[in-house]
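Chemist: Given only the sequences and the hints, what does the whole structure look like? Please build it.
Protein chains in written order, with our numbering: chain A, 1 to 401; chain B, 1 to 474.
Watch out, some of these pointers could steer you wrong.
Distance ranges between label pairs, derived from CB positions [stated by the list, open to error]:
#: 1; chain 1: A; residue 1: 309; chain 2: B; residue 2: 117; range: 46 to 56 Å
#: 2; chain 1: B; residue 1: 407; chain 2: A; residue 2: 278; range: 48 to 58 Å
#: 3; chain 1: B; residue 1: 223; chain 2: A; residue 2: 309; range: 27 to 37 Å
#: 4; chain 1: A; residue 1: 152; chain 2: B; residue 2: 406; range: 29 to 39 Å
From chain A, some residues computed to sit far from chain B (all C-beta separations above 10 Å) [claimed, not checked]:
#: 5; residue: 54
#: 6; residue: 231
#: 7; residue: 332
What the hints contain is simulated information worked out from the structure, not anything from laboratory work.
Where is the CB? At the ideal position from N, CA and C, for every residue including glycine.
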Amino acid sequence: MSRSSISSSEADSPWRFLARVAVCGAPFLALALGLESVLWRTGESWPVARVAALQRNASESLFARGVLSQQLGLYKHARLRDVRAEIVVVGSSRVMQIPARLFETTGMTLFNAGGMIQGVGDLERYAADIAVGRLPSPRVVILGVDPWWLFGDRARTISAPTSEDVALNGAAHVVALRRWMYGREFPFRAIRVGALGPGPSGTRGAIGIGALQYGTGFRVDGSRQYPPAYYDELRRTGRYRDREDPPVIERIRSFRGQFVRNAGIRGEAVDRLIAACARIRNAGVEVIVYLPPFADECRVALDTSTGHAAWWGTYQRDVPVALSRAGFPCRASESPRDYDLDDRWMFDGFHPGEVLNAYVLARSLAFTGGLLSDQTDLEAVRALAGRATLQVTLPFPKRER
Amino acid sequence: MLFNSFAFAVFLPIVFTLYWAMRRFGVRAQNVIVLVASYVFYGWWDWRFLTLIVASSAVDFVVALRLDAATDSRVRRAWLGVSLAANLGALGLFKYYDFFAVSLVDAMASIGWELEARTLGLILPVGISFYTFQTLSYTLDVYRGHATTTRDPVAFFAFVSFFPQLVAGPIERARELLPQFLTDRRFDRSAASDGVRQALWGLFKKAVIADNLAPYVNGVFAAPDSHGSVTVVLGVAYFAIQIYCDFSGYSDIAIGVARLFGFRLSRNFAFPYFSRDIAEFWRRWHISLSTWFRDYLYVPLGGSRAGRAARVRNVMITFAASGLWHGANWTFLVWGVLHGVCFLPGILLKRIPSRGIVAESRSFPRIGECRQMVLTFTVVCVGWVFFRSDSVSDAVALIERVLALDVDGPIRGRGGLPYCAAVLGIEWVQRREQHGLQVARLPVLVRWLVYWMIASAILLLGSTGHVPFIYFQF
Chain A
1 MSRSSISSSE
11 ADSPWRFLAR
21 VAVCGAPFLA
31 LALGLESVLW
41 RTGESWPVAR
51 VAALQRNASE
61 SLFARGVLSQ
71 QLGLYKHARL
81 RDVRAEIVVV
91 GSSRVMQIPA
101 RLFETTGMTL
111 FNAGGMIQGV
121 GDLERYAADI
131 AVGRLPSPRV
141 VILGVDPWWL
151 FGDRARTISA
161 PTSEDVALNG
171 AAHVVALRRW
181 MYGREFPFRA
191 IRVGALGPGP
201 SGTRGAIGIG
211 ALQYGTGFRV
221 DGSRQYPPAY
231 YDELRRTGRY
241 RDREDPPVIE
251 RIRSFRGQFV
261 RNAGIRGEAV
271 DRLIAACARI
281 RNAGVEVIVY
291 LPPFADECRV
301 ALDTSTGHAA
311 WWGTYQRDVP
321 VALSRAGFPC
331 RASESPRDYD
341 LDDRWMFDGF
351 HPGEVLNAYV
361 LARSLAFTGG
371 LLSDQTDLEA
381 VRALAGRATL
391 QVTLPFPKRE
401 R
Chain B
1 MLFNSFAFAV
11 FLPIVFTLYW
21 AMRRFGVRAQ
31 NVIVLVASYV
41 FYGWWDWRFL
51 TLIVASSAVD
61 FVVALRLDAA
71 TDSRVRRAWL
81 GVSLAANLGA
91 LGLFKYYDFF
101 AVSLVDAMAS
111 IGWELEARTL
121 GLILPVGISF
131 YTFQTLSYTL
141 DVYRGHATTT
151 RDPVAFFAFV
161 SFFPQLVAGP
171 IERARELLPQ
181 FLTDRRFDRS
191 AASDGVRQAL
201 WGLFKKAVIA
211 DNLAPYVNGV
221 FAAPDSHGSV
231 TVVLGVAYFA
241 IQIYCDFSGY
251 SDIAIGVARL
261 FGFRLSRNFA
271 FPYFSRDIAE
281 FWRRWHISLS
291 TWFRDYLYVP
301 LGGSRAGRAA
311 RVRNVMITFA
321 ASGLWHGANW
331 TFLVWGVLHG
341 VCFLPGILLK
351 RIPSRGIVAE
361 SRSFPRIGEC
371 RQMVLTFTVV
381 CVGWVFFRSD
391 SVSDAVALIE
401 RVLALDVDGP
411 IRGRGGLPYC
421 AAVLGIEWVQ
431 RREQHGLQVA
441 RLPVLVRWLV
451 YWMIASAILL
461 LGSTGHVPFI
471 YFQF
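Modeler: What follows is the structure, given as structure tokens:
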């Protein structure tokens with residue numbers, strides 16, 4: 001066999017071709033492996049089941065993904081099944097600032113499932129899950145109801161507790177890479193910790209790039225720790241700043257987002273809300289319903305806006321009446337000034353801080369009565385809130401940033 | 001399994017390795033690998049669909065053997081009838097039954113007869129129109145004596161289900177592809193390299209261009225009344241580019257992947273938007289389907305040899321059938337008829353110029369050529385309005401929206417222009433080649449740089465939602 005024919009045969013070998021393609025694709029393979037390594041070491045790409053298992057045994061832990069979807073429905077469902085808490089807080093992100101220590105004196109365990117329910121449809125599913133035993137039945141449910149749940153187009157199921165975990169989805173990882181590339185802030189700290197550091201188990205239980213980079217995330221009790229930078233800015237400037245994008249007050253004034261012009265609260269949605277609460281109560285659970293507060297500036301805007309007058313009036317007057325008639329005593333939505341506080345006790349226009357929530361809940365429980373009210377030392381709750389100075393969180397061991 | 005999925009990214013290297021490792025055991029062993037891989041690929045959607053493709057293959061394999069054995073022309077015609085009935089029957093049942101049942105009931109209602117439509121609501125098996133035509137071409141060619149009968153069931157079943165082109169073509173002729181399953185296949189590095197390039201280019205067109213234009217197109221076609229005329233025109237033009245990149249992207253991937261396994265598939269697209277008239281457009285768009293209809297419908301009807309009236313009839317029947325092949329909806333029929341009408345002048349005057357590549361020896365086209373290309377593109381876009389709309393009335397409403405000349409409103413969708421400019425610009429430069437990424441003549445480092453740029457664009461700009469190819473629904 002001639003020399004030239006040997007080299008021609010080798011050149012036409014599929015294995016050499018495969019190797020050549022692999023070499024050409026090596027930069028992408030290296031990038032993918034590097035990315036996956038960082039995602040794993042930061043805990044970002046840990047499946048929710050693994051996160052739940054770690055938080056089950058941790059006394060202090062924060063979980064927040066930074067580039068992959070947080071998948072609140074999936075995460076909170078997994079944790080709810082795991083924790084089997086006696087008190088469960090449900091609602092949107094507006095109820096996330098209710099920590100377990102608020103009810104320490106009751107001796108009951110609390111899990112905050114805030115963010116898991118984004119509409120009446122979600123609440124109906126939660127009620128069904130309790131009724132058929134898919135989720136453990138607590139002794140008490142604290143439910144925060146947002147007005148837009150009762151608008152015509154919002155009374156539907158939004159969050160997806162049964163969706164696929166994006167940690168296991170390759171396409172989601174590509175999206176994560178893009179978020180890094182196009183994001184406003186490249187997560188150098190998370191990458192440094194992820195690539196060089198001891199990994200999530202050695203970084204005070206911070207799981208995910210959001211937790212590592214910004215010190216934010218969901219605590220073991222399900223409540224949300226806001227980034228320490230928020231508190232620092234508040235201390236430094238002494239001024240309230242609405243951090244939503246766009247700010248809630250702008251949404252109200254320009255009828256954007258949840259604040260649709262001339263939105264109407266539908267009686268059918270209220271009926272479904274009451275029916276879902278009743279179904280939870282029929283499972284032997286005490287249901288405390290409250291309407292989470294708004295910032296003072298937002299409340300004033302809602303009180304005076306003709307475009308919002310119809311639904312706001314119904315939400316403040318008729319919804320509490322309807323709930324109370326159905327056996328779920330409920331008060332109108334408040335704002336910081338009702339407690340001689342100001343908007344610095346809000347994170348933004350519709351996310352109250354822990355202190356304000358403590359006051360609101362103490363007053364709500366005094367109004368509703370019942371098991372939780374009986375077992376809670378409301379004075380102790382108020383005292384806990386009263387000890388807070390110029391910050392929106394309760395006294396709490398500060399996380400290292 | 002979708003070409004633009006992670007599952008396929010894992011599947012392909014495994015099949016490639018197994019396939020070439022089996023070469024030492026002969027072509028039959030390689031065909032077994034192709035057959036198994038094809039059934040896995042197809043069964044990935046729904047394994048139940050496999051029964052149909054196996055049945056279709058079995059019928060035509062047996063029919064061809066019978067055709068070969070029979071000498072009596074009546075017996076041969078009867079066996080051909082079995083193949084036609086089985087293939088077109090399955091196609092009719094799954095694809096057209098509900099449409100014709102409802103249309104019949106509507107027609108009866110219009111003359112006062114109230115009937116109740118009994119629809120079946122069957123799920124349309126992916127790619128049924130493609131593999132039905134492919135396997136049908138085998139029995140038709142055997143019947144006519146244009147193809148030899150194979151007695152190798154593995155080769156034949158692999159030919160029908162060959163995974164790169166199974167679900168959206170190119171629709172291969174038995175006389176072209178089947179012999180390749182029966183002869184020794186050697187690995188050809190330059191062919192495989194060009195195959196990878198073509199597949200990469202196809203993936204770029206699909207994931208970066210087509211899928212990024214889709215939201216603009218969907219927005220316009222969902223609610224034309226809420227957009228100004230310019231936005232609607234943009235939406236229609238974007239659909240023209242979207243469907244081209246989507247479908248030709250699939251064909252490029254199919255042809256490229258087939259070359260990795262030593263197969264040559266026929267060309268399906270030849271830069272159709274650089275056509276200067278409708279006849280040229282149809283020589284460059286979905287070539288494997290248009291030639292199928294030409295050879296198995298238009299020519300048997302009499303083709304261009306007949307008188308003027310018969311020629312008109314033949315053209316209109318062929319285009320109407322081509323339209324209905326795409327789907328059971330009046331919109332596809334109108335689309336086909338519209339193209340038939342535009343095709344007629346050339347047929348009637350017997351003046352269909354045999355055009356080569358536009359501006360072949362120049363960098364830019366002449367003004368007259370530009371005018372012809374723009375006019376042809378405009379006519380094609382009018383057809384796409386019907387093709388994309390849910391109903392004929394929706395299509396008419398959209399055209400009315402354009403003709404209203406409402407230019408006061410905001411122009412939405414300008415973000416799609418860079419995508420269109422990118423693909424048309426690259427393909428213009430490459431119009432003398434077989435595909436947009438045929439760059440084998442460039443130095444190796446420049447080539448690799450081009451590959452990395454294309455791959456980066458797919459990674460950073462491509463859709464990640466695993467959007468199905470548009471032609472899968474046909």
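Chemist: Regarding the assertion that residue 231 (chain A) does not contact chain B, is the least Cβ-Cβ distance greater than 10 Å?
Modeler: 36 Å, holds
Chemist: Over 10 Å to the closest beta carbon of chain B is the bar; see if residue 54 (chain A) clears it.
Modeler: Residue 54 (chain A) clear of chain B: closest Cβ-Cβ about 27 Å, beyond 10 Å.
Chemist: 46 to 56 Å was suggested as the range; check whether the CB atoms of residue 309 (chain A) and residue 117 (chain B) agree with it.
Modeler: 50 Å, holds
Chemist: Do the Cβ positions of residue 152 (chain A) and residue 406 (chain B) conform to the proposed distance bound of 29 to 39 Å?
Modeler: 30 Å, holds
Chemist: For the range 27 to 37 Å, tell me whether the beta carbons of residue 223 (chain B) and residue 309 (chain A) fit it or not.
Modeler: At 30 Å between Cβs, range holds.
Chemist: Since residue 332 (chain A) was said not to touch the interface, does its Cβ keep a gap of more than 10 Å from each Cβ of chain B?
Modeler: 38 Å, holds
Chemist: Does the Cβ-Cβ separation between residue 407 (chain B) and residue 278 (chain A) fall within 48 to 58 Å?
Modeler: Given range 48 to 58 Å: holds, Cβ gap about 56 Å.
Consistency note: the structure conflicts with none of the earlier hints.
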